[in-house]
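Protein chains in written order, with UniProt numbering: chain V, 1 to 309; chain R, 1 to 309.
Please keep in mind that the hints were generated in silico from the structure rather than gathered at the bench. For glycine and all other residues, C-beta sits at the position ideal for the given N, C-alpha and C. Do not rely on the hints blindly, as some may be mistaken.
Here are the simulated EDC-like pairs of lysine to aspartate or glutamate, each with C-alpha atoms no more than 20 Å apart in a straight line [unchecked claim]:
| no. | chain 1 | residue 1 | chain 2 | residue 2 |
| --- | --- | --- | --- | --- |
| 1 | V | Lys40 | V | Glu85 |
| 2 | V | Lys217 | R | Glu276 |
| 3 | V | Lys161 | V | Asp68 |
| 4 | R | Lys217 | V | Glu168 |
| 5 | V | Lys273 | R | Asp175 |
| 6 | R | Lys217 | V | Asp68 |
| 7 | V | Lys162 | V | Glu180 |
| 8 | V | Lys131 | R | Asp246 |
| 9 | R | Lys273 | V | Glu85 |
With beta-carbon atoms standing in for the labels, derived distance ranges [as the list claims (entries may be wrong)]:
| no. | chain 1 | residue 1 | chain 2 | residue 2 | range |
| --- | --- | --- | --- | --- | --- |
| 10 | R | Gly292 | V | Ala297 | 34 to 44 Å |
| 11 | V | Glu65 | R | Asp272 | 18 to 28 Å |
| 12 | R | Ser261 | V | Glu250 | 10 to 20 Å |
| 13 | R | Glu176 | V | Gly133 | 36 to 46 Å |
| 14 | R | Gly292 | V | Glu157 | 21 to 31 Å |
2 protein chains.
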Amino acid sequence: MSSVQFDRIALIGIGLIGSSIAYDIRRLGLAKEIVVSTRKAETLKRAEELGLGDRYTISAADAVEDADLVIVSVPVGASGSVAEEISTHMKPGAIVTDVGSTKASVIAQMQPHIPAGVHFIPGHPLAGTEKSGPDAGFPGLFEGRWCIFTPLPGTDETALKKLRHFWETLGSRVDEMDAEHHDKVLAIVSHLPHIIAYNIVGTADDLETVTESEVIKYSASGFRDFTRLAASDPTMWRDVCLHNRDAILEMLARFSEDLASLQRAIRWGEGDKIFELFTRTRAIRRSIIQAGQDVDAPDFGRHALDKKN
Amino acid sequence: MSSVQFDRIALIGIGLIGSSIAYDIRRLGLAKEIVVSTRKAETLKRAEELGLGDRYTISAADAVEDADLVIVSVPVGASGSVAEEISTHMKPGAIVTDVGSTKASVIAQMQPHIPAGVHFIPGHPLAGTEKSGPDAGFPGLFEGRWCIFTPLPGTDETALKKLRHFWETLGSRVDEMDAEHHDKVLAIVSHLPHIIAYNIVGTADDLETVTESEVIKYSASGFRDFTRLAASDPTMWRDVCLHNRDAILEMLARFSEDLASLQRAIRWGEGDKIFELFTRTRAIRRSIIQAGQDVDAPDFGRHALDKKN
Numbered sequence: 001m002s003s004v005q006f007d008r009i010a011l012i013g014i015g016l017i018g019s020s021i022a023y024d025i026r027r028l029g030l031a032k033e034i035v036v037s038t039r040k041a042e043t044l045k046r047a048e049e050l051g052l053g054d055r056y057t058i059s060a061a062d063a064v065e066d067a068d069l070v071i072v073s074v075p076v077g078a079s080g081s082v083a084e085e086i087s088t089h090m091k092p093g094a095i096v097t098d099v100g101s102t103k104a105s106v107i108a109q110m111q112p113h114i115p116a117g118v119h120f121i122p123g124h125p126l127a128g129t130e131k132s133g134p135d136a137g138f139p140g141l142f143e144g145r146w147c148i149f150t151p152l153p154g155t156d157e158t159a160l161k162k163l164r165h166f167w168e169t170l171g172s173r174v175d176e177m178d179a180e181h182h183d184k185v186l187a188i189v190s191h192l193p194h195i196i197a198y199n200i201v202g203t204a205d206d207l208e209t210v211t212e213s214e215v216i217k218y219s220a221s222g223f224r225d226f227t228r229l230a231a232s233d234p235t236m237w238r239d240v241c242l243h244n245r246d247a248i249l250e251m252l253a254r255f256s257e258d259l260a261s262l263q264r265a266i267r268w269g270e271g272d273k274i275f276e277l278f279t280r281t282r283a284i285r286r287s288i289i290q291a292g293q294d295v296d297a298p299d300f301g302r303h304a305l306d307k308k309n
Numbered sequence: 001m002s003s004v005q006f007d008r009i010a011l012i013g014i015g016l017i018g019s020s021i022a023y024d025i026r027r028l029g030l031a032k033e034i035v036v037s038t039r040k041a042e043t044l045k046r047a048e049e050l051g052l053g054d055r056y057t058i059s060a061a062d063a064v065e066d067a068d069l070v071i072v073s074v075p076v077g078a079s080g081s082v083a084e085e086i087s088t089h090m091k092p093g094a095i096v097t098d099v100g101s102t103k104a105s106v107i108a109q110m111q112p113h114i115p116a117g118v119h120f121i122p123g124h125p126l127a128g129t130e131k132s133g134p135d136a137g138f139p140g141l142f143e144g145r146w147c148i149f150t151p152l153p154g155t156d157e158t159a160l161k162k163l164r165h166f167w168e169t170l171g172s173r174v175d176e177m178d179a180e181h182h183d184k185v186l187a188i189v190s191h192l193p194h195i196i197a198y199n200i201v202g203t204a205d206d207l208e209t210v211t212e213s214e215v216i217k218y219s220a221s222g223f224r225d226f227t228r229l230a231a232s233d234p235t236m237w238r239d240v241c242l243h244n245r246d247a248i249l250e251m252l253a254r255f256s257e258d259l260a261s262l263q264r265a266i267r268w269g270e271g272d273k274i275f276e277l278f279t280r281t282r283a284i285r286r287s288i289i290q291a292g293q294d295v296d297a298p299d300f301g302r303h304a305l306d307k308k309n
């Protein structure tokens, strides 16, 4: 159905995202050759066992030689060193993109190392699960998901079109916005939720009056919804915190302010105020379901699955 | 398979929990007669359309006449007035229980109205979904879920055993603890998660720099996990906040303290501290999955469902 879009694609980093891209490239026949590179020998070996590429190398510099498309899928804190390493090895006309969750920082790290004639198009597929590593990847991860490009001024239109077509073939819908706006949007829809989830799970873990085994035992009454996000890759999320600091701190400040106000309403028994907030938030979920961004089945549809336990 | 356990069961309140109990009583043949009562004529009519009982009445006092088991499933703030209304109408030897999410307050509200000879056993099935009302109920809701009793000193052992047997027939596992401990445990595993979820959704709704449509569009990157809890019944949750105030305020204080510390680590770029927290929380999810309290499928298993969109 699809056809070859690039002769050689180099995948730098082969975790959940990299490996899912590899499965889709293969499945859809989008490249003649897939070169896989990752820093850890052990991960590279695993990628080979899974048959994710045609060639495997520890060296990112080697991997990008003659590649038409280079996809960097590493924790955002590692973007700069990858860009530096591959800098002089890319061929003119190649497209380099990434999948990082923060964009201004990735651009600041990578852009200085991109030689003239190479097209750098920062990207961010909004897809993933709480699992990580090459074993977590699967074909179809990007289907129906958004992919956001944050192109730099003067980006080559043909290259942009080619990359857009690539992601669309993977089933994604592509949006464009500037990096600063991306970072603000993601701070609220993704970074803050993860940070809050990590935090509440940490709070529960530290209690003396309620045991950890009680928390685990009774978690189905709400707590478990947070543990999914709090089980995400720690390296990736540490880097997100460090590399989207300003937007995250702003969202955290607003969240804390709102929480203090809600806390005060609880302390003073202001039922109407509490009721008003709890009613307003219901509407947002309805919109999300209408927009096809979540399932309407109660309990995320997992009820049927967890009754088996 | 099962057999009649009570001649007449009165269900006061017929929302998600009451209606699910009704389905199970019928399905398992646990009563000769089910009497359904609720304050709103419209809801009562709907319960009748759904065939949830054998008899329907607006009057809780009428409903409990000659009932062997009375199950009060109303928002916790309404427990006191229900108890007052049924007080002189229950027959000696009857068992009265409730399903409220806070127990000390429910006991304080109901206990004064329970006449001698009637067995009051406060209970709390840890089951439910984000949906509410009689249409949200379904058979099997309590299967594999915990039900916590917080019996008062001197509770009749036979009555306790009978009620335990009832919930076990519905598929629940029954635990016992004192009301104060219950309220602390639930504050962390259920009340705090709901409050945090309501709060973050409210924060997102109030932003000027990121539009609501962007929040909805990109919600799959984390935010949507919170919207499920934030879509829960506002009346029920307002009442929980007002009736478990002290335990909730304590948990909120700890959560905010931890969040301030995490915020500081982000501001000062303390990567190791962030990484340590993000790693620790991963272990808790593993324990929850091992304990059979959540599914291990990525994305709560909803991926297959939402790819259809």
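Here is how each hint holds up against the structure:
{"no.": "1", "hint": "V:Lys40 - V:Glu85", "result": "holds, 15 Å"}
{"no.": "2", "hint": "V:Lys217 - R:Glu276", "result": "violated, 24 Å"}
{"no.": "3", "hint": "V:Lys161 - V:Asp68", "result": "holds, 14 Å"}
{"no.": "4", "hint": "R:Lys217 - V:Glu168", "result": "holds, 17 Å"}
{"no.": "5", "hint": "V:Lys273 - R:Asp175", "result": "violated, 35 Å"}
{"no.": "6", "hint": "R:Lys217 - V:Asp68", "result": "violated, 31 Å"}
{"no.": "7", "hint": "V:Lys162 - V:Glu180", "result": "violated, 24 Å"}
{"no.": "8", "hint": "V:Lys131 - R:Asp246", "result": "violated, 37 Å"}
{"no.": "9", "hint": "R:Lys273 - V:Glu85", "result": "violated, 29 Å"}
{"no.": "10", "hint": "R:Gly292 - V:Ala297: 34 to 44 Å", "result": "violated, 20 Å"}
{"no.": "11", "hint": "V:Glu65 - R:Asp272: 18 to 28 Å", "result": "violated, 36 Å"}
{"no.": "12", "hint": "R:Ser261 - V:Glu250: 10 to 20 Å", "result": "holds, 18 Å"}
{"no.": "13", "hint": "R:Glu176 - V:Gly133: 36 to 46 Å", "result": "holds, 42 Å"}
{"no.": "14", "hint": "R:Gly292 - V:Glu157: 21 to 31 Å", "result": "violated, 54 Å"}
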